[in-house]
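**Student:** The lines below spell out each chain.
Protein chains: 2
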Amino acid sequence: MLRKIYDAALVDSPAYENLRTLTTRFPGRLAGTPAYHGAEAWAEDVLKQLGCDRTELQQTLVPHWERGATESVRLVRPGGASAALSAVALGGSVPTPAGGLTAPVVELHSLEELTTADVKGKIVFFNGAMNPRYITPGLAYGESGRQRNQGPAAAAKHGAVGVLVRSLTHRLDDVPHTGATTYLPDVPRIPAAALSTVAADALSAALKAEHSLQVAMQIHSSWHDDWPAANVIGELRGSESPEKVILVGGHLDCWDIAPGAHDDGAGVVQSIDVLRILKAVGYTPKHTVRCVLFANEENGLRGATKYAEVAGEKKEVHLLALETDGGGYAARGFNIGNAAGDAHLKAARFKPLFEPYGVFIFQAGRGGADVGPLMAKGNTVAGLIPEAQRYFDIHHTREDSIDKVNPRELELGAAAMAALVYLVDQHGL
Amino acid sequence: MLRKIYDAALVDSPAYENLRTLTTRFPGRLAGTPAYHGAEAWAEDVLKQLGCDRTELQQTLVPHWERGATESVRLVRPGGASAALSAVALGGSVPTPAGGLTAPVVELHSLEELTTADVKGKIVFFNGAMNPRYITPGLAYGESGRQRNQGPAAAAKHGAVGVLVRSLTHRLDDVPHTGATTYLPDVPRIPAAALSTVAADALSAALKAEHSLQVAMQIHSSWHDDWPAANVIGELRGSESPEKVILVGGHLDCWDIAPGAHDDGAGVVQSIDVLRILKAVGYTPKHTVRCVLFANEENGLRGATKYAEVAGEKKEVHLLALETDGGGYAARGFNIGNAAGDAHLKAARFKPLFEPYGVFIFQAGRGGADVGPLMAKGNTVAGLIPEAQRYFDIHHTREDSIDKVNPRELELGAAAMAALVYLVDQHGL
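So the sequence lines, in the order shown, correspond to chains A and B. Heads up: the first sequence is residues -9 to 419, going by the working numbering. Heads up: the second sequence is residues -9 to 419, going by the working numbering.
In case anyone wonders, no lab produced these hints; they're calculated from the structure. One should not assume that every hint holds.
[What the hints assert, rightly or not] In silico BS3-like cross-links for lysine-lysine, where the CA-CA straight-line distance does not exceed 27 Å:
hint: 1; chain 1: A; residue 1: Lys(-6); chain 2: A; residue 2: Lys341
hint: 2; chain 1: A; residue 1: Lys341; chain 2: B; residue 2: Lys341
hint: 3; chain 1: A; residue 1: Lys336; chain 2: B; residue 2: Lys394
[Said to hold, decoys possible] Derived list of chain B stretches under chain A, where covered just means 3 residues or more per stretch with a C-beta under 8 Å from a C-beta of chain A:
hint: 4; region: -9 to 4
hint: 5; region: 43 to 53
hint: 6; region: 111 to 125
hint: 7; region: 369 to 381
hint: 8; region: 398 to 408
All C-beta atoms in this analysis are idealised placements derived from N, C-alpha and C, irrespective of residue type, glycine included.
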């Protein structure tokens, strides 16, 4: 059956063309935007066309932040000459004051340095780089991500007036990477932007070589009341125990500056394709197999929260909630988690079935951001683990486009997920 | 020690910049060409600079074939209107007669169909596609590769006057893939070219829809007497048993139309980097660790043959001859072979050491084209197995450029090979 699943995934798959449609018709589909609503309608239609028994747009409210006019970060020399630094505002950043923000810069390499550095009235430049020694780039991303997530709030506590962060990538190029930052209540909200690694190196070198430098930031963002967005749901009703659910999903939203091919358009089309594959091989699941395309993973997680809330109210049991949010790269394995901490061991009995397909990893984990709330409610969760080395090269940037996705790798990810869904439907976890 | 090896591979590695130099200064370095000789000198210098105890240019003679002026394949309609078909002559193809070759076309899907089709006086168009059902693209490549390797000779036996083959790739695009063809003695040599998959589909559609179509081929290639090329060798002399060798290598040549980044520039720079890594971690090998950059893998294998010949004359024992010729993608494992057929089982005891680094596969194999002659002489051989899905997208084309290579994946391949070399040096196989 796995061979049939892989055949259906690899021969005449619509996944790559679906991804092309998603990323070329609905790029920059931040949750709640018109582009996002267009993607909702498109995705629900694809699910209907493939023969779902039921589809739904599960409505919720999501944060409404707008980037506004193109931001600008410039290095300003005494005498007024200035040079552009390739930058992008962090998601959720407040705008700079009218006329912009110009201030001296102090370079730090960790949040801890805030306690000893003189940052009052200055722009703090967190220039920590992702550690290349980690084999798994996600670990380096999580470690260095603190400067983006927490840096602006932490710096504001010490009197800083603005923050710049080095983009979270291993590559040295001039493409800035956005991402969310989390402000704290009772702490001033200061504007924050990410510099490309090239711009970060340039600023660092200038700070070492020259005196009396300032940086001029202009961010034109705005915050508004929450606005609506929906999780897109499509399911194949189970023939024996339809009240029990096997979920497969990704997040439909992406950053406003990105086409969102790997993050997470690949996850969207792969999740849809799992249902198509099961139908193509003529398999009628015993339990309900449900595709959920979550809203607002990037800047709020409201879709995942809403889904888990509703599932909890209905006392809905998920045999497995499997998400894919690591890109459309070649499938290497799965992380699997449950409260008892033994789900990955139970899943490991499927290992021999997957090895001919190049899938070897069955490790403990927490699934991912979107299925996290379901794990907290006692369900077993999982996340596809794709080959990870290229992901952060394009993560949260304009470069996350379909040309970075390989059709076969995309198809193999869908196949691996369909295979796991099938096995859990047959044998449980 | 593996951690130290990986650190040395991942922090401040020169591998990617070496690859940039190799592919931008010496693209199209078919064995024997001036570009190839430039690459020889550059590579030997890099090996000297990293501190090899001995370097050598091991001379041999290689076939001398020249592509000549840009080839042309055109679809010709009754009345004379014609349309270009994106094409590239196969490596070693004879030229078309003066004025070109224009003839009717018959489309086949396998060599076997030659026995029943009417091909006399015609151009045979082998339009077999790589089978997407194979998980490992190399298997599909080997299967469909017969039409390129053997098609022209087989078609000539049946009276065909020329051959077109569909490019060996899963992608649908307009980039033609070259590669060697093998003519037979006592059989006429007919001109042969590969069409891009887009051109192949277009020709196939035209043949179904229209009548009296012909194809006009112009190939301006020429054959000459063999000319010299060298294997580039650099070694770290073993401290205890220097007469025993652990070889690590790739092939220095690449097709004339290609920059040769993945095939096999990656293998070249990774093999050099293995020696650099061992020195960087302060490891003095017990046995001689020798980097061999083979000449002429693409169209003759004369370098590999010469190396094995010399090694045989010297009665040189290779504890392991490890090559990398699958691209600079993320390392998944190794194929390992010996006469007894148990080498991969012996190597599998190293598996637990590699798993934290994402390397899982230890399977039986024959190493690769360049170390094959050494296996025939009783040595243990191995080949790095990188993630394979993207390789044939750019294989043997102008698109095999450095932008297709990810620095971390390249570095991880070098690390994996350095780790295996270290373990075999310490523990044998």
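**Student:** To test your reading of the hints: which numbers does this structure violate?
**Tutor:** Hints 3 and 5 contradicted; others consistent.
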